[in-house]
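Chains as they are written, first to last, in my numbering: chain R, 27 to 215; chain L, 27 to 215; chain H, 27 to 215.
Just so you know, the hints here were simulated from the structure itself, not pulled from any lab data.
Model, not experiment: these values are computed from the prediction.
It is possible that some hints are incorrect.
Since the list can't tell identical chains apart, any single copy or any two copies may satisfy a pair.
[Claimed, not checked] In silico BS3-like cross-links for lysine-lysine, where the CA-CA straight-line distance does not exceed 25 Å:
1) 80 - 63
2) 100 - 63
3) 156 - 170
4) 137 - 80
5) 77 - 210
6) 77 - 156
7) 210 - 137
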Amino acid sequence: MASKHEISTLFVTIFLLLILGSSGSPRKSMRSRRPCKEMVFYFHDIIYNGKNSKNATSAIVGAPAWGNHTILAKYNHFGNLVVFDDPITLDNNLHSPPVGRAQGFYIYDQKDIFTAWLGFSFVFNSTAHKGSINFAGADPLMNKTRDISVIGGTGDFFMTRGIATIMTDSFEGEVYFRLRVDIKFYECW
Amino acid sequence: MASKHEISTLFVTIFLLLILGSSGSPRKSMRSRRPCKEMVFYFHDIIYNGKNSKNATSAIVGAPAWGNHTILAKYNHFGNLVVFDDPITLDNNLHSPPVGRAQGFYIYDQKDIFTAWLGFSFVFNSTAHKGSINFAGADPLMNKTRDISVIGGTGDFFMTRGIATIMTDSFEGEVYFRLRVDIKFYECW
Amino acid sequence: MASKHEISTLFVTIFLLLILGSSGSPRKSMRSRRPCKEMVFYFHDIIYNGKNSKNATSAIVGAPAWGNHTILAKYNHFGNLVVFDDPITLDNNLHSPPVGRAQGFYIYDQKDIFTAWLGFSFVFNSTAHKGSINFAGADPLMNKTRDISVIGGTGDFFMTRGIATIMTDSFEGEVYFRLRVDIKFYECW
């Protein structure tokens, strides 16, 4: 019985050392790469081209010296800043009832290939979801999938962080594109 | 005494299982929704309109095809990008001594209602505070209160995260507005 | 032996109380200010001036009413939005093999001194690094060092957060500048 007792004490001591050790060192080992929440959405962007003001959901508002605010610039649209207010849907149908709005901007930022930088939010105000998810990151849009950061959230998404994987689900010239967004939250509250 | 001993061992074992269980699962339960720090500030925006260059603290620098850089565009200013360097005060008086600067941009991003997307910092360099707080998020500015994310901080605000609740404290046509910002930090270091 | 046993039980109880106490209070004490990873990079910005379209890595795409998209505006470039796609190098030589691209934007946002707001990513796609690091924050560029936030990361930099200290390593008129970036990650996964 004495040895059983000593084993128990040893057990506690080792455990204590492990805990104390891990709290002092970088917290790498405490973090889980298993998402605490997952969601999939689509959003739809119709860019203003001078003729579609009724349907357009986005517009060019910045351009390089060689561009203008109606037609996307040459050199892979380098320098075009686009503001958007796009409907979010649960499936890939533009005409499905929107469940929220994707609002923010993208800037085409490479001369030799299509690439953009994104800063935007998903804004929800329905019985299903209330609150917002904030995103930022590079979108090398010729890649099949691209990862950007979920940098914060409010309401139902209070303080969340995670990764959003973006896929171009449809692309129709320079008028319409649809993105599929797979959101994996790794910090939930 | 033997049973007491067994209870002790059982206790340790259950505890171990609890700890191991919680570190493997999403870390939801470890997080506190009690702020670790709270602050309230006001900031003041005077937009350049072609006549007020001395007092203006912000300026239109992006506009849609139907707009210009002196007058905010129709359709609820959709597409206007505004850069600002606004004084931060502790109360709602524009003429109070500024305690810092709110610097960054907002983009009006909805055609049918006033809404903006914000990316900015509070920059402090006084005896009271040194460092910066970085913000991003959607600002549906017709709502009484709006939540955006504190995405990071430096100096006195090293690595902070949280929620900033914005209220329009005053709004004078398209010349001046004042925002009250209630910052709640939930991650302090 | 009985007392030894009681000490063991006491030990466990105190430990339990400590753990339970720390999980309820703000998690300040659990956080380490020791970086879990450190990296140093340089990046190089050559701004388009109407004559250098071959070498330019950035361009003015937003300007105030008193500016244009070829020459940086007066009043310390207040209101100029610049989009960039800059090579990242391991040393301070512009002609060293780039290890990645710095992509995003900066906005000059103060009339009486050079100051900018940055939103950008480091994008890596080599054997050494795959993934991206996302940054945001105020850059009071006349200061010797400036801290901005690492707001997220993907790939090799999955979910990272930290502080990036920026130094202007070289500045040649309004044509070329080189920044040294010391990245300290405090959250690794």
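A quick look at each hint next to the structure:
1. Taking the closest pair of Cα atoms, residue 80 and residue 63 never come within 25 Å of each other, the shortest separation being 36 Å inside a single copy and 46 Å across copies.
2. For a Cα distance limit of 25 Å, the shortest separation of residue 100 from residue 63 qualifies neither inside one copy, at 40 Å, nor across copies, at 40 Å.
3. In the homo-oligomer, the alpha carbons of residue 156 and residue 170 lie at most 25 Å apart only across protomers (15 Å), although the nearest pairing inside one protomer, at 30 Å, exceeds that limit.
4. Taking the shortest Cα distances, residue 137 and residue 80 sit within 25 Å of each other only across copies (10 Å), while inside one copy they are farther apart (31 Å).
5. In this assembly of identical chains, the alpha carbons of residue 77 and residue 210 never lie at most 25 Å apart, being 38 Å within a copy and 45 Å across copies at closest.
6. When the C-alpha separation of residue 77 and residue 156 is checked against a cutoff of 25 Å, the pair qualifies neither within a copy, at 34 Å, nor between copies, at 41 Å.
7. In this assembly of identical chains, residue 210 and residue 137 lie within 25 Å of each other by CA distance neither inside one copy nor across copies; the values are 31 Å within and 30 Å between.
Taken one by one, the earlier hints fail for this structure at numbers 1, 2, 5, 6 and 7, listed in ascending order.
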